Structures are given as C-alpha cells and as structure tokens.
Amino acid sequence: MISKYFIPLFILFVLIYSVFKGIKVYEVFVEGAKEGLKTVFNIAPYLLTMLFAIDVFRRSGALNGFINLLAPVTKFLNIPDGVLPMILIKPLSGSGAISVMTDIMKTYGVDSTEGLIAAIIMGSSETIFYTISLYFGSIGVKKIRHALIVALIAHFISSVIVCNFILNFL
Amino acid sequence: MINLIWFFMIFIGIITSFLYNPIDFSTIIAQSAESTVKLCISLLGIMAIWSGIMKLCEKSGLIKIFYAVLKLPMKILFPKLEYKNERALYYIVMNLASNMLGLSNAATPFGIKAMEELQRINTNKDTASDYMVKFIIINSACIQLIPATVISIRANLGATSPSSIVIPTIITSAITLIIALVLEKVFRRWFI
Chain U
1 MISKYFIPLF
11 ILFVLIYSVF
21 KGIKVYEVFV
31 EGAKEGLKTV
41 FNIAPYLLTM
51 LFAIDVFRRS
61 GALNGFINLL
71 APVTKFLNIP
81 DGVLPMILIK
91 PLSGSGAISV
101 MTDIMKTYGV
111 DSTEGLIAAI
121 IMGSSETIFY
131 TISLYFGSIG
141 VKKIRHALIV
151 ALIAHFISSV
161 IVCNFILNFL
Chain W
1 MINLIWFFMI
11 FIGIITSFLY
21 NPIDFSTIIA
31 QSAESTVKLC
41 ISLLGIMAIW
51 SGIMKLCEKS
61 GLIKIFYAVL
71 KLPMKILFPK
81 LEYKNERALY
91 YIVMNLASNM
101 LGLSNAATPF
111 GIKAMEELQR
121 INTNKDTASD
131 YMVKFIIINS
141 ACIQLIPATV
151 ISIRANLGAT
161 SPSSIVIPTI
171 ITSAITLIIA
181 LVLEKVFRRW
191 FI
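Same order as they appear, the protein sequences are chains U and W.
When we follow the numbering used here, the leftmost residue of the first sequence carries the number 1, and every step to the right adds one.
When we follow the numbering used here, the leftmost residue of the second sequence carries the number 1, and every step to the right adds one.
Hints listed in this document are in silico derivations from the structure and should not be mistaken for laboratory results.
It cannot be assumed that every hint is accurate.
[Stated by the list, open to error] DSS-like cross-link-like pairs, simulated, lysine-lysine; straight-line CA separation at most 25 Å: (1) U:Lys143 - W:Lys80; (2) U:Lys38 - W:Lys80; (3) W:Lys185 - U:Lys143; (4) U:Lys143 - W:Lys125; (5) W:Lys84 - U:Lys142; (6) U:Lys24 - W:Lys185; (7) U:Lys34 - W:Lys64; (8) U:Lys143 - W:Lys113; (9) W:Lys59 - W:Lys113; (10) W:Lys64 - U:Lys24; (11) U:Lys34 - W:Lys185.
[Stated by the list, open to error] Quick look at which bits of chain U chain W covers, simulated, 3 or more residues with Cβ under 8 Å: (12) 32-39; (13) 78-86; (14) 96-106; (15) 138-146.
As the structure is a prediction and not an experimental result, all values here were calculated from the model.
Using N, Cα and C, we set each Cβ at its ideal position, and we do this for glycine too.
So here's chain U without its partners, still in its complex pose:
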C-alpha cells in the first residue's frame, strides 16, 4: 500500500527538486538511460552464463538432490526449499543472484512466497565476497579479520528471519 505511492512520490520529488536546481531534466535523464542500457549489456553475458548452469543443474535433478541433502537444516529453520539457492549464491555473485532470483520467480510464480523472499534477499544484502575483495584488494590489506565472517553470518540470520516472517504473515 505504502509502496504504491512511494515510487511515484519519489519520482515526483526528484523531478521537482531537479527543476528547482535548474537541471536540464530531459538531457540528464537521457544520459542516465544510456548508462542503464550499458549496465544491462554488461550483465547480459553473466546472466546467460549463469542461467545456463542453473538450468543444467536444475533440470538434471541435481538441484533437488542437493535440496534434499540439506532438508533437515532448512526444515528446522523454516527456509522454503526453493529459496535455499538464493541464500547461498547472494554473497558470491550479484549477477548469479539475479539469475537465481529470476529462475525462482519463473518456477514458483513472481508473487509466490518463494518469489517474494528471493526478491527481498536480492535487494537487502550486498555481494559480500566481491565487496571485500575489491575494497581490501584496492589498498593491499591481506588480513581482513572478522569482516567476512560477520557479514556472512548477518546475511544468513536475516535471510532466515525474512523466510519466517513472510511464511507467517502472508
């Protein structure tokens, strides 16, 4: 309900603010749109590569085997079977996570419990391995101490919270 108004109000606010600041709204928008197109072109090969692997993994029955293997843990934590791959891949690869999320939405339905959980996990945490290797790599720090472990544990705990919340209140 709030979300329904959030987006148009946000856009309206940005536009009014930009006009007020004397920005050439049309031209700047086009400039951004170009960058958006480039982003899609940049992620397209990753999507293609990762979705191919996911398709092979899923349709061969290997994914189901893997899910069954972890079933005792996921059942205990109330994680729906379909969502598990999303929780596992999000810290590793952003484009991989987009692929897994799309796959979950196509398999279970975009408004299904699984689809909603995947969307929320997608938007609420960063590609932790990438961030850490990029930022620490850029300054040559080798001992990263508790950065990775804390980020990963927080990601898993909040994913479990999301699953339980969506399952109980929707």
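Please build the complex by placing chain W on the supplied structure of chain U, with the hints as guidance.
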C-alpha cells in the same frame, strides 16, 4: 570461487543426468539461451528509465541531502574518525548515500577512496583496522531505497505490484545492519 561453483553446477548436473535422468541437452541450451535474451530485452527498457531517474538524483545534488542526513549516524558509528581523518568520513558517507540511491557506479569510487583514507591512519598496513571492518560490514548490509533491478524483473514477470517489496527490503536491510553491528562488537575481540 564463482568459477568453481559454475564448473561444479554443470559438472554435477551432467553427471546426475547420466546416472538418473537422461535429458536432451540441445533443448536445454536452446531454451535457456532464448529465455535469457528475452529477459535482457525487457530489462533494457526498465533499467534505462530507472537509471535516468538516479542520474537526476546525482546531478541535482539530491545526493548531498542524503549526505547531510547520514552524517550524524556515521559520526556515531565511527567514533573520533572525524578528528583523525575527516576525508575518510566524507567518502564513507558519500559511498553509503550513493548505495542507498542505487548508484552503484558512483558508490564504488567513493568506497575505494574511503578505504585509501582509512589506510592512511591505519597503524598496521597489511591488517584491516576496526574502522575498515565496520565500513565493509555496513556496506554489506546495503540499505537500498529503490531496488531498481528487482522491481524491473518483477514488473517484467507480471507481478501484481512490482514495487511492493520496497518496504520489506528496507526493513530487512536494517535488520541485517543491526545484526552485523552487534556481531562486529562480539567478534572484534577474537580477531585482533
């Protein structure tokens, strides 16, 4: 890491299918490729529009308002950093402000600058300082006001209300952030 995962997904997939469930690979290749291309084509349009709006945030200086709002909580999260290296605090806040608006292209350079400034006041150059760990952790929780990619894909797949996940996503990020900050305090003593 991702190389290994990709390799094993296909390797295990093919082996499994040989053993239990023979599938027609040429069909899978064709269908997989076709559905990805369809997805990308519809993504092109929606992503372009969102990026246009985000560019307006950047150029109009709207991002500076976020800077003003975020500065106080960051002063509290990074105690005394203001006096040790004020530029580091500036870059940290700009990085988080860009991330919140989904401007990841703008966020990355600020993030790297922040790390460089933090490295200047770091006493042990090959080990992460407390400030660095905290910055990375806050960055990982990544509170995003408009998850544009997720909204675009949901719209593309026919969700009844594509943006309905915005508020739950923000709440989840906040929860992740709080958990991470608490864990950071707990784990700090074991990783010196």
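(message) I'd like to know which numbered hints this structure contradicts. Please list them from smallest to largest.
(response) Going through the list in order, the structure violates hints 2, 6, 11 and 13 and respects the others.
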